[in-house]
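Please work from the sequences and hints to get the whole structure.
There are 2 protein chains.
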Amino acid sequence: MIGYNTSMDKIVECVPNFSEGQNQKTINAIFDAAKTVPSVKVFELEFNADHNRMLFTIVGEPDRVLLSAFEAIKVATELIDMNKHKGEHPRIGATDVVPFVPVSGVSMEECVKLSEDLAKRVDAELGIPVFMYEESAKNPDYRNLADIRVGEFEGFKDKMRKPDFGLAQIHPTAGAMVIGARKYLVAFNVNLDTSDIGIAKDIAGKIREKNGGLPGVKALGFSVDEKAQVSMNLVDFEKTNFDEAYRAVESEAKARGVAIISSEIYGMIPLDALVRAVKTTFKADTFKSDQILEKKLYE
Amino acid sequence: MIGYNTSMDKIVECVPNFSEGQNQKTINAIFDAAKTVPSVKVFELEFNADHNRMLFTIVGEPDRVLLSAFEAIKVATELIDMNKHKGEHPRIGATDVVPFVPVSGVSMEECVKLSEDLAKRVDAELGIPVFMYEESAKNPDYRNLADIRVGEFEGFKDKMRKPDFGLAQIHPTAGAMVIGARKYLVAFNVNLDTSDIGIAKDIAGKIREKNGGLPGVKALGFSVDEKAQVSMNLVDFEKTNFDEAYRAVESEAKARGVAIISSEIYGMIPLDALVRAVKTTFKADTFKSDQILEKKLYE
Chain A
1 MIGYNTSMDK IVECVPNFSE GQNQKTINAI FDAAKTVPSV KVFELEFNAD HNRMLFTIVG
61 EPDRVLLSAF EAIKVATELI DMNKHKGEHP RIGATDVVPF VPVSGVSMEE CVKLSEDLAK
121 RVDAELGIPV FMYEESAKNP DYRNLADIRV GEFEGFKDKM RKPDFGLAQI HPTAGAMVIG
181 ARKYLVAFNV NLDTSDIGIA KDIAGKIREK NGGLPGVKAL GFSVDEKAQV SMNLVDFEKT
241 NFDEAYRAVE SEAKARGVAI ISSEIYGMIP LDALVRAVKT TFKADTFKSD QILEKKLYE
Chain B
1 MIGYNTSMDK IVECVPNFSE GQNQKTINAI FDAAKTVPSV KVFELEFNAD HNRMLFTIVG
61 EPDRVLLSAF EAIKVATELI DMNKHKGEHP RIGATDVVPF VPVSGVSMEE CVKLSEDLAK
121 RVDAELGIPV FMYEESAKNP DYRNLADIRV GEFEGFKDKM RKPDFGLAQI HPTAGAMVIG
181 ARKYLVAFNV NLDTSDIGIA KDIAGKIREK NGGLPGVKAL GFSVDEKAQV SMNLVDFEKT
241 NFDEAYRAVE SEAKARGVAI ISSEIYGMIP LDALVRAVKT TFKADTFKSD QILEKKLYE
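Here the protein sequences come in this chain order: A and B. So the first sequence is numbered by my numbering: it starts at 1 and just counts up by one. So the second sequence is numbered by my numbering: it starts at 1 and just counts up by one.
Don't read these hints as lab results, they were simulated from the structure. These numbers come from a predicted model, not from an experiment. Warning: the hint list may mix true and false statements.
The list treats identical chains as interchangeable, and a pair is accepted whether it falls inside one copy or across any two copies.
[To be verified] Taking lysine-lysine pairs in the BS3-like style, the calculated list, with each CA pair at most 27 Å apart, reads: (1) Lys201 with Lys283; (2) Lys227 with Lys206; (3) Lys283 with Lys239; (4) Lys283 with Lys227; (5) Lys279 with Lys227; (6) Lys35 with Lys283; (7) Lys210 with Lys254; (8) Lys201 with Lys86; (9) Lys288 with Lys120; (10) Lys10 with Lys210; (11) Lys254 with Lys279; (12) Lys25 with Lys296; (13) Lys239 with Lys183; (14) Lys183 with Lys113; (15) Lys157 with Lys86; (16) Lys74 with Lys138; (17) Lys288 with Lys227; (18) Lys35 with Lys296; (19) Lys35 with Lys288; (20) Lys296 with Lys74; (21) Lys201 with Lys279; (22) Lys159 with Lys218.
Printed below as a string of structure tokens:
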């Protein structure tokens, strides 16, 4: 019997990053280890030889995603020796950083708890010290990933700050690790009907949070195919979703006499972002993702 | 192992209607029979004692949905005797009408084929004559359900027109049946900030297809909670989706100096309708349902 016999009420995403982007055998072994856990989906493997780094995405129920990440971390710990690792990208360990991201039916608190549960296992079973970052940060100095990484693996050999789990001493081959929870990032671009990149930069400057614009919006102006593009990262779609970002760009563009050619949602997006966009745009206050027919199939 | 080991590329919906709305044991037996087929979802059972009629929804892969509908039809054929049936709603058989509706990855042609496959089995294995309606109609006189039903079960005993499958002679207890394929119907209401129902009726008259308005749009004006409501059935959301209907109502309301309070999508809606609304509204031409994270889980 082919079964859909698990409830998928709670879904999280995890995007572990490992310090291997050259040895295909090792890359596959780590990716395959994540896949050994039933009923999670493991996909979007990316690796880069110059960075000597790989990452992929795991989605599914919280407990199973944790298990899948742990299986991959175990294999990375066995196969990667950081003493021999060279790459352009800053890193502190064989498994470098493991973020958990709420997708649906899961609070940030639950993702923080999940990241802590994984950190405890990594410390206890693998003997790798763990720093907690972003929403999981216990020490404000560790909130920002770049701040934790200062000194990298090589610097940590001589001197390492006190981690949140484990001793202030790296694992001899796997180094140290960063684990945490963060919000889902939606990549969203709006293409303007002008070749004047100045207008895109101007609009980006106006709408980005840093300059007092929309909450959770990072924005830059680019030139793509000879057209000006406002390229955005929406780091908190519950505060500013893609439809709101679109309308803000549209209004700024209109004030400058410029029309929108198209927009693009880049990469994956949680269903909830779509549902929110429909609710807001069409004042459909009562609309729920449970009304989506396909969702019934997987309850 | 909990598995998601079937591809859900093709999804259809089926909403079979049976002539039983009073005997709870029979109602349950028919509903439960549909559920015996693995990996389809059977839900939204509705029944009405006055109409003496029940219906429910089956969604899943085409072959399995057919099987699920057939299991329910078999039990309805065993348990319902039309000679004893009384009810307000017109009907011609124990299983009265069985529409198949494309939801995603399925063409109307495939749904027509599916309806014919079911009709052949109903004729061959159960000996019930079948009329094909809507998109599956072979005889233009049978396209409209109400036209087929003229005379009902009682009239068919004496005189029955030639069906598309089987003989022009009813099954002694189960009567005859209507099977076919039709498009998905989206129920969509827009609530206006006025108590003047005349404005809702006026806008409804302007946008409905019958009067040269939007293709596939049926619209009526109502008064709901002392506010005017434009209530629509979108019978072909690939031609006119809810976002387009919303903008049409918005524009007509604006011309009459009236604002929109809210809108509501009523009941279930295919994911594709949401994806289309996002594409159209935000000029996101490249957006695909495959970009929805939750969908990855069920591939």
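Here is how each hint holds up against the structure:
{"no.": "1", "hint": "Lys201 with Lys283", "verdict": "between (31 Å within a copy, 21 Å between copies)"}
{"no.": "2", "hint": "Lys227 with Lys206", "verdict": "within (19 Å within a copy, 39 Å between copies)"}
{"no.": "3", "hint": "Lys283 with Lys239", "verdict": "both (17 Å within a copy, 22 Å between copies)"}
{"no.": "4", "hint": "Lys283 with Lys227", "verdict": "between (32 Å within a copy, 16 Å between copies)"}
{"no.": "5", "hint": "Lys279 with Lys227", "verdict": "between (31 Å within a copy, 20 Å between copies)"}
{"no.": "6", "hint": "Lys35 with Lys283", "verdict": "neither (41 Å within a copy, 36 Å between copies)"}
{"no.": "7", "hint": "Lys210 with Lys254", "verdict": "within (22 Å within a copy, 36 Å between copies)"}
{"no.": "8", "hint": "Lys201 with Lys86", "verdict": "neither (36 Å within a copy, 72 Å between copies)"}
{"no.": "9", "hint": "Lys288 with Lys120", "verdict": "neither (36 Å within a copy, 39 Å between copies)"}
{"no.": "10", "hint": "Lys10 with Lys210", "verdict": "neither (32 Å within a copy, 45 Å between copies)"}
{"no.": "11", "hint": "Lys254 with Lys279", "verdict": "both (24 Å within a copy, 20 Å between copies)"}
{"no.": "12", "hint": "Lys25 with Lys296", "verdict": "between (39 Å within a copy, 25 Å between copies)"}
{"no.": "13", "hint": "Lys239 with Lys183", "verdict": "within (11 Å within a copy, 36 Å between copies)"}
{"no.": "14", "hint": "Lys183 with Lys113", "verdict": "within (14 Å within a copy, 46 Å between copies)"}
{"no.": "15", "hint": "Lys157 with Lys86", "verdict": "within (15 Å within a copy, 85 Å between copies)"}
{"no.": "16", "hint": "Lys74 with Lys138", "verdict": "within (25 Å within a copy, 62 Å between copies)"}
{"no.": "17", "hint": "Lys288 with Lys227", "verdict": "between (37 Å within a copy, 23 Å between copies)"}
{"no.": "18", "hint": "Lys35 with Lys296", "verdict": "both (25 Å within a copy, 14 Å between copies)"}
{"no.": "19", "hint": "Lys35 with Lys288", "verdict": "between (31 Å within a copy, 25 Å between copies)"}
{"no.": "20", "hint": "Lys296 with Lys74", "verdict": "between (36 Å within a copy, 25 Å between copies)"}
{"no.": "21", "hint": "Lys201 with Lys279", "verdict": "between (30 Å within a copy, 25 Å between copies)"}
{"no.": "22", "hint": "Lys159 with Lys218", "verdict": "neither (34 Å within a copy, 73 Å between copies)"}
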